[in-house]
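What follows is each chain in one-letter form.
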Amino acid sequence: MKRRLFEAVRRAQADKRPVALVTDLGTGLQTLVHADAQEGDVALEEEFLPQVREAMRLDRSGIVEFYDGRFFITVLNPPLRLILVGAVHIAQSLAPMAVLAGYDVTVVDPRRAFASDARFPDIALNHDWPDEALAALKPDARTAVVALTHDPKLDDPALVAALAGPSFYVGALGSRRTHAQRRERLAAAGIDDSAFARIHGPVGLDLGAVTPAEIALSILAQMVQVLRGGPKVGT
Amino acid sequence: MSLLSADSATVLEQAAIWLAEGRPVALASVIATWGSSPRPVGSLMAIAADGAMAGSVSGGCIEGAVVYEAQAVLADGEPRLLRFGISNDRAWEVGLACGGQVEIYVEPVR
Chain S
1 MKRRLFEAVR
11 RAQADKRPVA
21 LVTDLGTGLQ
31 TLVHADAQEG
41 DVALEEEFLP
51 QVREAMRLDR
61 SGIVEFYDGR
71 FFITVLNPPL
81 RLILVGAVHI
91 AQSLAPMAVL
101 AGYDVTVVDP
111 RRAFASDARF
121 PDIALNHDWP
131 DEALAALKPD
141 ARTAVVALTH
151 DPKLDDPALV
161 AALAGPSFYV
171 GALGSRRTHA
181 QRRERLAAAG
191 IDDSAFARIH
201 GPVGLDLGAV
211 TPAEIALSIL
221 AQMVQVLRGG
231 PKVGT
Chain A
1001 MSLLSADSAT
1011 VLEQAAIWLA
1021 EGRPVALASV
1031 IATWGSSPRP
1041 VGSLMAIAAD
1051 GAMAGSVSGG
1061 CIEGAVVYEA
1071 QAVLADGEPR
1081 LLRFGISNDR
1091 AWEVGLACGG
1101 QVEIYVEPVR
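Chains as they are written, first to last, in our numbering: chain S, 1 to 235; chain A, 1001 to 1110.
Pulled out of the complex, with its shape left as it was, chain S reads as follows (with noise of 0.2 Å):
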């Protein structure tokens, strides 16, 4: 690898941009493809772009082949994160179970009673406000947003922080009839109904859960499915 692109794969990493290496495994030529650009020693054909996007989107590393070349695509995507907004009881289960997942989680809930260590023991904690907390934790498309706190005051202000995002994954908590009342509150904020129609709520998989750790698992079990692309995706 040239230390030129070395180097720009560790700003990549720094900045918690996803890239792509292509190495030509034939030649030992080199191309490091970003999300919407790409640099190195050859510029990749249009046609060979898509796999490699795909390669990224799913996280999976590997070798194709395009035309009579053997490429290995090094994918160096930054850890999955999930921000849950509300140090509620089905926080607590969620947190673990992502860390497990292998995400960075932080939980944002100005109630300091609510987001204590003694709570989310080794889970990274952020009192201030949702839309100051998501301000400087800028989600990105490996993030997953989570509104868990059933009060207006909490959620409304970071889902509309999160859908100005590209975060993969926005729910709330909350049934239809809440989720509906959400919809009209968020309207008189400016989200239309497109922006709106991102918010996976009643959050989660209809598994019928019922106890806190029940639907923490049924929220993990839909980010994976929307991340991974499982089916009835956007449901």
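Simulated from the structure, these hints should not be mistaken for lab results. Beta carbons: idealized from backbone N, C-alpha and C, even for Gly. This list has only true hints and no planted wrong ones.
Residues from chain S that keep clear of chain A, each with C-beta distances beyond 10 Å, as calculated:
{"no.": "1", "residue": "Pro-157"}
{"no.": "2", "residue": "Ser-175"}
{"no.": "3", "residue": "Ala-187"}
{"no.": "4", "residue": "Gly-201"}
{"no.": "5", "residue": "Gln-225"}
Per the computed footprint, the stretches of chain S lying under chain A, defined by three or more beta-carbons under 8 Å from a beta-carbon of chain A, are:
{"no.": "6", "region": "58 to 67"}
{"no.": "7", "region": "70 to 77"}
Each pair of labels, with its calculated beta carbon distance range:
{"no.": "8", "chain 1": "A", "residue 1": "Ala-1072", "chain 2": "S", "residue 2": "Pro-202", "range": "54 to 64 Å"}
{"no.": "9", "chain 1": "S", "residue 1": "Arg-228", "chain 2": "A", "residue 2": "Asp-1076", "range": "34 to 44 Å"}
{"no.": "10", "chain 1": "S", "residue 1": "Ala-195", "chain 2": "A", "residue 2": "Gly-1051", "range": "51 to 61 Å"}
{"no.": "11", "chain 1": "S", "residue 1": "Val-64", "chain 2": "A", "residue 2": "Arg-1083", "range": "12 to 22 Å"}
{"no.": "12", "chain 1": "A", "residue 1": "Ala-1072", "chain 2": "S", "residue 2": "Glu-54", "range": "30 to 40 Å"}
{"no.": "13", "chain 1": "A", "residue 1": "Tyr-1068", "chain 2": "S", "residue 2": "Pro-212", "range": "50 to 60 Å"}
{"no.": "14", "chain 1": "A", "residue 1": "Asp-1050", "chain 2": "S", "residue 2": "Ala-213", "range": "42 to 52 Å"}
{"no.": "15", "chain 1": "A", "residue 1": "Ala-1075", "chain 2": "S", "residue 2": "Leu-49", "range": "30 to 40 Å"}
{"no.": "16", "chain 1": "A", "residue 1": "Gly-1035", "chain 2": "S", "residue 2": "Arg-176", "range": "44 to 54 Å"}
{"no.": "17", "chain 1": "S", "residue 1": "Pro-202", "chain 2": "A", "residue 2": "Asp-1050", "range": "53 to 63 Å"}
On the provided structure of chain S, position chain A as indicated by the hints.
Showing chain A alone in chain S's frame:
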């Protein structure tokens, strides 16, 4: 697999430290596996010219051989494609105890 990405960042960070110290570095990537193999495709290992290593490409079975090959790569600047496993004669010396096969690409950072 996100854990894998986090792992790669750690390996490349160590490689950057070695490079900053003026120590030549080679990178080894698992590019294909067959059967059971302890580290998935995309796993990274960095090797300094003096034999120091970070990360892994197996469960410890073949790292020694990869370090040896990496030093050769650093000596002549040519990337190498290595294959380890039961079908390889060298398996008896440095093969994978699990019976899997693994293909590894080793390249210099220059």
